[in-house]
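Asks: Sequence:
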Amino acid sequence: MAGELNGTAVLIRVETSTGVFTTVGSQRDATIEETNDFIDESSKVSRAQHGDYGRYSSRITCDHLIVPGATELAILRDTVRNGTKIKVRKSESGTDVEEATCVCTNRNASFPDQAPATISLTFVVDLGWALV
5 MAGELNGTAV LIRVETSTGV FTTVGSQRDA TIEETNDFID ESSKVSRAQH GDYGRYSSRI
65 TCDHLIVPGA TELAILRDTV RNGTKIKVRK SESGTDVEEA TCVCTNRNAS FPDQAPATIS
125 LTFVVDLGWA LV
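Numbering (my numbering), first residue to last: 5 to 136.
Hints in this document: simulated from the structure, not taken from any laboratory. Every value quoted in this text rests on a predicted model; they were computed, and no experiment measured them. The reader is advised that the hints may include incorrect statements.
Beta-carbon label-pair distances, calculated as ranges [as the list claims (entries may be wrong)]:
1) 24 - 48: 27 to 35 Å
2) 46 - 78: 23 to 31 Å
3) 48 - 23: 54 to 62 Å
4) 53 - 82: 21 to 29 Å
5) 112 - 88: 32 to 40 Å
6) 23 - 73: 20 to 28 Å
7) 98 - 56: 36 to 44 Å
8) 51 - 85: 46 to 54 Å
9) 131 - 47: 30 to 38 Å
10) 61 - 81: 47 to 55 Å
11) 21 - 47: 52 to 60 Å
12) 119 - 27: 14 to 22 Å
13) 135 - 51: 36 to 44 Å
Backbone N, C-alpha and C fix where the C-beta goes; we use that ideal spot for every residue, glycine too.
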C-alpha cells in the first residue's frame, strides 16, 4: 500500500549533549503508546455511560537496541542509574518530527557470547510530546 510508514524509517534518538541527538543503537522494534484515562461522569438519570478525557500519558518501549560501543552503552546506563531525564526525539524517514523529555523506567541489557550486545529500554514521557 502506498504511503505506509515502514518501521525501519522511524528512529528514536537521545540528546547526548545540548542540541545534539544521537542514534545510540540500531533498534529492531520501537513502540510509542499514548493513552488517556476516562473520567466517568455518568449518573443515575441514564444507564448509558458518559464521560470525558482524563490524564494523558505516553510511553516509549525500545526492544533490542544493538549498541555500537562503550560510549553509547554508558549514555543508556547512566540515564537509569543517575536518575537523569533524557530528551528523546522521533525521526521519520530522516526528518525529525517530535521530541519529549523522558524518564527511563527500565533498562535490560543482554550480552550474548559471539553476538552484539542488545539493550531494551522503557521511557515514560514527562509532560507530553512537542513538534520539532
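Asks: It remains to establish, for every hint, whether it holds in the given structure.
Replies: Comparing the hints with the structure gives:
The hint said 27 to 35 Å for the Cβ distance between residue 24 and residue 48, and at roughly 58 Å that hint is violated. The hinted range of 23 to 31 Å is not satisfied by residue 46 and residue 78, whose Cβ atoms lie roughly 51 Å apart. For residue 48 and residue 23, the hinted distance range of 54 to 62 Å is satisfied, since their beta carbons lie about 56 Å from each other. A hinted range of 21 to 29 Å is violated for the C-beta pair residue 53 and residue 82, which are about 46 Å apart.
The supplied range of 32 to 40 Å is broken by residue 112 and residue 88, whose beta-carbon atoms lie about 18 Å from each other. Between residue 23 and residue 73 the CB atoms are about 22 Å apart, so this pair conforms to the stated range of 20 to 28 Å. Checked against the given bound of 36 to 44 Å, the beta carbons of residue 98 and residue 56, roughly 38 Å apart, stay inside it. At roughly 52 Å, the beta carbons of residue 51 and residue 85 sit within the given window of 46 to 54 Å.
As the Cβ distance of residue 131 to residue 47 is approximately 33 Å, the hint placing it in 30 to 38 Å holds. The given range of 47 to 55 Å is broken by residue 61 and residue 81, whose C-beta atoms sit roughly 25 Å from each other. In this structure, residue 21 and residue 47 meet the distance hint of 52 to 60 Å, their C-beta atoms being roughly 54 Å apart. Judged by the Cβ atoms, the range 14 to 22 Å given for residue 119 and residue 27 holds: they are separated by roughly 20 Å.
For the pair residue 135 and residue 51, the beta carbons lie near 41 Å from each other, so the given range of 36 to 44 Å is met.
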